[in-house]
Structures are given as C-alpha cells and as structure tokens.
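Chains as they are written, first to last, in this note's numbering: chain C, 1 to 154; chain S, 1 to 154; chain W, 1 to 154.
Since the hints were made in silico from the structure, they are not lab data.
Pairs count within a copy or across copies, as identical chains cannot be separated in the list.
Result set (DSSO-like, lysine-lysine): computed pairs, CA atoms no more than 30 Å apart in a straight line:
| # | residue 1 | residue 2 |
| --- | --- | --- |
| 1 | LYS3 | LYS110 |
| 2 | LYS50 | LYS110 |
| 3 | LYS57 | LYS110 |
| 4 | LYS110 | LYS127 |
Note that the structure is a prediction, hence the values are computed from the model and not measured.
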Amino acid sequence: MVKSTEERLAAAAIELPPAVTPFGPYVAAVQTGNLLFLSGMLPTVGHEPKFLGRVGKELNVEQGCSGAYAAALNVLAVARQNLGSLDRISRVVKLGVYIATAGGRPDLVKIADAASELLRDIFGEDKISARLVFGVENLPFGVPVELEVIFEVG
Amino acid sequence: MVKSTEERLAAAAIELPPAVTPFGPYVAAVQTGNLLFLSGMLPTVGHEPKFLGRVGKELNVEQGCSGAYAAALNVLAVARQNLGSLDRISRVVKLGVYIATAGGRPDLVKIADAASELLRDIFGEDKISARLVFGVENLPFGVPVELEVIFEVG
Amino acid sequence: MVKSTEERLAAAAIELPPAVTPFGPYVAAVQTGNLLFLSGMLPTVGHEPKFLGRVGKELNVEQGCSGAYAAALNVLAVARQNLGSLDRISRVVKLGVYIATAGGRPDLVKIADAASELLRDIFGEDKISARLVFGVENLPFGVPVELEVIFEVG
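This is chain C alone, in the form it adopts within the complex (with noise of 0.2 Å):
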C-alpha cells in the first residue's frame, strides 16, 4: 500500500508545531494558480528562535541541521494550514535553504540535506523539489537558516 504524506508524517510521529504567523505586514503563504508560495521559513516555535548564530562561529554544522529541520516543520505546518491536508501537495517545486555563515567554509550541503532528507521521506522520492543553496551575511532575529518553498498543490 502506497501512504499518503499524512499517513506518512503520522507514521514517522512528527509532530507539528502551530503554524507561525507573520512578523509583519505579510502572509505565511500565497496560492497562485496552483502554486504555493511560503514566505520565509525560521527555525522558530511561534516567535522564538530556537537557535541563534552563524554556522561556522556561534554554531556548528550539527546545529546547522538541527536549525534547518525545525525551519522544515514550520513548512509542513504552514503549508497544512493552508492547504487543509499535506496530501494536496502534488510536488515540492522549489526548496531554497539559506544559511548564515561568517567567513569560514561550513558544509553548506549537509545542511540543506537535513531539509531536504525531510521533505523527501514526508513527500515520497516522487516528489522531491529542485534546490538553492548559499551562506548569507545575517538572518532575520540572528537565526542560523532559512527555507524558501514552492510547492505544486494537485
């Protein structure tokens, strides 16, 4: 039997957080036609940031993931939120993870992976998204990462 991305996100006992609401005259997300546009996914749970610094001087490429995968949750729960079910989402089109870094080389990579290894394993390999990668000189409220997602609604 083929789950669904719900099946599979109960599957795998993840637990959404409450989907975050804007820091500002914005939208978390915007349908046009049938694409779904996010705004700019924090690792935050409401308006706390659960990490803070750069990857490569006040955090390591471990907190990197761990950053960019609570920053994944905050998609799945804006995106149920406005969509009703994950299971309408026919595609990830686009995931963009940018990182804050401050002059050294961090694994840039291995941190997008962890958003990445996410959405695939929610989403099914079918569905997997193209993908934008760089380090950034500062994020809002000192955050180390930041999701950008498109994704195709059915």
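Given chain C's structure and the hints, the job is docking chains S and W onto it.
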C-alpha cells in the same frame, strides 16, 4: 466605496519615478501566464543610486528603510509600465528583501516592513505577499537593499 | 532565416557538458505547468568545481565571469536533458546570479552579464530574462558563483 490600487496611489499623492531601465542584457520584468516576475529593484533614480553602503556599517536602519521604500517605488513604476495600470495586479505573490549588511545584526524585519507597508497601503490588505528576507554580503553598485517581486495579474 | 536555439548553439560551436547530477536528495530541475525550475547551477564539471574562491578575494572579476559562463553551460545542459531540446524553451523567465564576495565591491553586474550574454546569444533577444543579482557570503564547495534559472516551456 472601495478604492482601486491606482486610486489609492493617487490619494496618497505618491508620484512614481520613471520606470528604471536595465543595466545589462536583461529586462525589467517578464510575464509568463499570469505571473509577472520583476528584476531586482534597487533604490536608484534612473541609473543613479540614491543610497550607498551597508546597513549597520555605513548606513543606519532608518536609511535602510528609506532605501527599501525607494526600491519599492521602482517596483510600482516597472509594474505599471509593463501592465499599463497597477489595477491589473490581483495579488502580490512574493516580496524578497535582500539587505547589504556587514557583520552586525541590524533590524532586517524593520527594513523589510518599510517595503511591505507601502505595498499593503497601495494594493490593500487582501493582496499582501509572502515574504523572504535576508542580509547579503554585497549588492550591485553598493546599494543597501534590493527587492524581488512576483505579481499575479488578474 | 531565423535560427532556432539549438541551431544557434551549434553555430556558436558550443559543446555542452554532461548534465550535472544532484549532490543530495533533490533533482536538477522540476517542471510545474509550463515553468521549469532549475536547481542552483555551479561552475562544476560533473561534481568537480572548476573555480574556487570568492570574487574580490581569491579570484578576480574575470575569473568570476568565467565561473558564471561555466555555470550557464550547466544550465543549458540540464534544461536540454529535461526537455529533450532547448527549442522547447519559449522564454528565460528569471536569472538569479549569486556571487561569493568578501568585503570588497567587485563588479557584480559584469559577472552577471557573462551569464546573461550567453543566454541572450543562444535563446535570442526576444527571450531574455528578468534578473536578480547579489553577493553572498559563501557558496556550496567554495565556488564563486551560482545561477538560478526559471524557464517557460512553450
């Protein structure tokens, strides 16, 4: 009476600058289907930067906000030139706010809000965008802020 | 006689490298509707970086231009592999040029133009893109430039 976007712009007595022309072999905007993708908009008047420097270093947050506002005026000017009227825009889908920073932790959200608030005031609460914000190492010509916008055309 | 994209590529005697395969759990490109989103393309041959370093620090602007050109060849190779022929592309919608910099103010526009010019020469003046350019703190594997492209498929 509900005002149209152009009526709100006129009521606010905001005069748009001439639409900025490209600095190289690209165009200011591309429409595909009902999405209008704008090139990165800078705080320039014509090809002259109105602000130079990085926020938290050569410029303060207030100057960053002014730069974001000036870039947002260019967004409106380019959109109107491409569509004939801003009233054809049915939604601001994505606003990306990319801010040149230099090691500090300036208030990125406040700077982004300066652009978001203008777009909200002109297009209305029901058309506000998803948003992506981060600090970059460097922007073209040394300006402090760049905006990326995708509009939905009705 | 108007030449097709594939004919222009052949006439320019440009030979594309093999399409680069992903470095993790993502795909090189995703098509949704008539938009083809490419993953961030780097100046690599296979999985080997052709250029390493930041522009204005370890590399000069000319090397940055060469990196942008090399990454643009990977864009073409991946697009052709996904679509069968570059002639199916009706428009270059978005070109993002993200350049690793380190405190100086190298000529970002010149580097971006190296990618834009190749795309213009191959796809033609009527298909040129909107463009977004900025300097980032760090890129995967330490390469100097990354390209993000969205194509419209006819």
